[in-house]
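Engineer: Given chain A, put chain B with the ligands in place with the hints provided.
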Amino acid sequence: MSDDVLFFKEFSIMGKDFSNAGSVSTEIKSILKEIGFDRLIVRRAAIASYEAEMNVVMYAKRAVARLSATPTSIKIEFQDEGQGIADVDLALEEGYSTATPEMREMGFGAGMGLPNIRHNADEFDISSEVDKGTHLIFTIHADGNNG
Amino acid sequence: MDRYYHPIEIRPELCNGRMKCMRICPTRAIRVKQGKAQIIDELCVDCGACITVCPSGAIVPLTDPFASSLNFKYKVALPSPVLFSQFRPEADPRKVVQGLKKIGFDYVCDVSDACEEVSIAVEEYLSSYRGRLPLISQLCPAVVRLIQVKYPDLTELVAPIEVPREIAARDVKQKLSRELGVGLEDIGVIYITTCASKMVSIKQPAEKESSWIDGAVSIADVFGPLFAAVSDIKDEDVDVDGSEGFRFSAGWSMLGEMTRLVGSEHSISVSGLSDVTQILDDIENSRLRDVEFVEAMSCLGGCIGGALVVENMYVARSSTNSLLRKYGSKFTADRDKVVEKFRKGHYSLERELAPRPLRPLDPDLAKAIEKKKQKDTIYTSLPRIDCGCCGAPTCLAFAEDIVRGTAKLEDCIYREEKQNG
Ligand code: SF4
Ligand code: SF4
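First to last, the protein sequences are chains A and B.
Counting along the first sequence from 1, when you hit position 69 you're at 617 in the numbering used here, and nothing is skipped either side.
Counting along the second sequence from 1, when you hit position 107 you're at 462 in the numbering used here, and nothing is skipped either side.
Hints are computed from structural coordinates only; laboratory data are not their basis.
If you're wondering where the values come from, they're calculated on a predicted model, not measured in any experiment.
Incorrect hints may appear among the rest.
Below, simulated EDC-like cross-link-like pairs (lysine to aspartate or glutamate); rule was C-alpha separation at most 16 Å, straight line [claimed, not checked]:
| no. | chain 1 | residue 1 | chain 2 | residue 2 |
| --- | --- | --- | --- | --- |
| 1 | B | 722 | A | 582 |
| 2 | B | 505 | B | 630 |
| 3 | A | 557 | B | 731 |
| 4 | B | 505 | A | 671 |
| 5 | B | 505 | A | 575 |
Only chain A is shown next, with the shape it has when bound in the complex:
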């Protein structure tokens, strides 16, 4: 299998930019669809990146997202500058959320974010520093076959 073939693309996301929220994950999804990954794999990647993107929009100042796709894996990274997460373990608990009531009212921050990303990924790694930012990397394995 030729794992040296790599598609790479970088995106930038602005915090609080609710009007464009979701556009990066939509683009990631269409790239993966276009390449022809299995639809269940694309679904997982789309859901996880949407969650990650919304986290940036809600809590960070700005972020860079990177997509690296090979025939056997889809790696997606979100590196943001912002408030960071004080207790990563707690944030990974189902239902935990620091969303403001306004955000919840708008349907965001039901505490689905990080756990949902981890749930949809095969590999998941997060590191965060308060007042600096969060670096999230997750990978979804593909079997090298076209969906």
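Structural biologist: For chain B with the ligands alone, kept in the frame of chain A given last:
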């Protein structure tokens, strides 16, 4: 299957290559080669947008000509509820029913009951359904195609319930065959349609062997003769009992009617393909978590904005509202009976709707990734102004055509200039 039936045709002798269709097509299915528009089979979802916009009348719907619809022993008209909104609100809708009989139909069938039954069936289905949400309405064939082609992963969300027109056609055929003692094959049910896209679900249904409907004529084609016939009917000649139990509840001609009848609090109605696309993207990102049901129609405003109607959608909507005021829009269906029929499978689809995903850039993933990269590189080298002179609707579509081998870089007029000078 590599050829899909499409209910539209471009007449090359009439096409002036003015590219309006190419620019409006929501799935970028049109190319203009040697001055003539062509449709890429695989990409077209039959939305009909190109028909409406063509200044030369070169794109024609392949609905049945009105005359040929009369080739059955017993002819049943099954009008889309939109038909009634095409007349002045003062016009008695019973005259329209009578008019249809004057122009050659033996029986006119109301789709209102079937609409109610289907909404109850959808509600029943939703109430015991525990799968992925939201479910998406099955009414508009163009939206269903769009999902099969561009959102294959959402195909499983299309409500697996038969559409009202099919149910009405089946029920009326069985009823008449019983009552009149004639064979089912002698009864022809002709749908009077707002769009060509419903032709597809009649000629090449996605979810069953064959349709119960035998043909479709467009509202536009039938309107001339019908209008004349209706105008001839004097008020005192209105046949009060002859309208076969018509309720003029105007069925689902208006966007939002289905969600209203289905009665789910967590539902949305969306129309116009670009908005529909946006909602489908949201569903794919699993953004619409709290929504249970989405009514999605390809035409702006729903079927009332279809390509083959004669009245402008705003006027038609106001006329529908007056019909609703006059005739009410109350439920008359016997809920328990419908639920029982639902449990017996009366409203189920014959077979599951299958995704129909687009051909990937390459069957081999590694090669597909290479091609995707090539496509992006080519795209960045283009002027990215979507001038259309190459015959593709956008520079991006052109880049893809090059990678797929159906266009050449030289076709871009700006590129050549750059290289020569
Ligand atoms: S019917 Fe719609 S999808 Fe098909 S070619 Fe025309 S505009 Fe495009
Ligand atoms: S909205 Fe109605 S008229 Fe328009 S394409 Fe869909 S079914 Fe046809």
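Engineer: Each hint needs a verdict: does it hold in this structure or not?
Structural biologist: Hint check results:
1. B:722 <-> A:582: holds, 12 Å
2. B:505 <-> B:630: holds, 14 Å
3. A:557 <-> B:731: holds, 10 Å
4. B:505 <-> A:671: Not satisfied, since the Cα-Cα distance of roughly 28 Å exceeds 16 Å.
5. B:505 <-> A:575: OK: residue 505 of chain B and residue 575 of chain A at ~14 Å, within 16 Å.
This entry does not satisfy hint 4, going by the numbered hints stated previously; all others are met.
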